[in-house]
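Okay, here's what each chain looks like letter by letter:
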Amino acid sequence: MASGTAGLKAAAVSRSESAPEPVARGWSRKALEAQRLAGRLAAPLWLPLVVLSMRFVLRWRIRDAGRCRKEYAKLLEERRPLLVVANHLTMVDSAVIGWGLGSALGHVVRYRGLPWNVPLQRRVLSSWLWRTLAYVMKCVPVPRGGDRREVAHVLERLAHLLRSGETVLMFPESGRSRSGRVDTEATADGVGRLIKEVDGCRVLCVYGRGDAQRTWSNLPARGETFTIAMRLVEPRSELRGLRASRDLATQVVHQLAEMERDHFEGRNS
Amino acid sequence: MTEEKIFEKVVDILKPYAKDAAALASVSLTTNILSDLKVNSARLVDVVLAFEDAFGIEVADDDADKVETVGDAVRLIQGKLA
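First to last, the protein sequences are chains A and B. Note that the numbering used here numbers the first sequence so that position 39 is 39, with each residue one more than the last. Note that the numbering used here numbers the second sequence so that position 46 is 46, with each residue one more than the last.
Just so you know, these hints were derived from the structure itself, not from any lab. The beta carbon of each residue, even a glycine, is placed where N, CA and C say it ideally should be. Some hints could be false.
To be verified - If you only want the chain B side, here are some residues facing chain A, beta carbon under 7 angstroms, derived:
1. VAL45
2. GLY56
3. ALA60
4. ASP61
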């Protein structure tokens, strides 16, 4: 033990020397603005392509999409931060939810209504194609299982986006629901931290599920019809620090679990 | 509380979260909590919350972000108790 604690100062010095400093805020904001502009310019090309693929190649359909889009458009009119959180069953949930919240044309016209996504950094960095797609498709990659300071930097960027009127989509479970149901034990605290740090943040809980979806998978089945339910909440916590982040994230996940119960009891239709 | 006591308590708290028993057996201040002990990153918050309970301290998000090694945790707790 003595040798263990004797290394405390040495360990601290070597860590501070080797640890990468987070990217400066000013640079990051400019980079985000450049990314947003590139995405916006490319949107008339890629957005219809994605939607047409979902609609006519995969033959997916969203039940009562008009109602969802109308409700979402109404929420966008109020200029307060809006974080979208959703349950997570497949790798394309963000595309399906984005489509549910607005048509391709609607998103091209009101680009800020198309939420930013937070994909896994490992996947995005796996090829230049993924990097390019992620760049123009409003993605801020996040490292999983890595340095918490890097994750904190990603959250800072997301908070900046929310404050500047953009919407962000996050999945508050730590990954796709392995049981096929919302996992209230697998809460990712980042969502709570974001809600805590962005004053007046509204949270739009979105529960989406295809008729044939029994559990998690990579892709929904061809010909799938999705039901999307939405509920606006404004979580509050009397706690402080990490406990507040945990409390806020838990509230959101429990809201999604409640919406799931409603879905299966037929109350979302 | 002495550094040694804090270290022992920190290691005790980490035990149920560590997936690598061999690394836990030879734990030192330079042991990385995520990469060496294989603690799930999503559970790191639970570990820090356990530190708060065990030592009667409050840890801010920014402070928790800096905890990578067992030594970081010991140093953070020492600072809060001082």
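Right, here's what the structure says about each hint:
Because the closest C-beta pair between VAL45/B and chain A is about 5 angstroms apart, less than 7 angstroms, the hint holds. Annotation: GLY56/B was flagged as interfacial toward chain A, and the flag is violated, the nearest CB pair being 14 angstroms apart, outside 7 angstroms. Below 7 angstroms, beta-carbon pairs count as interface contacts, and ALA60/B has one with chain A at about 5 angstroms; its hint therefore holds. With a cut of 7 angstroms, the hint placing ASP61/B at the interface with chain A holds, because the nearest CB-to-CB distance is about 6 angstroms.
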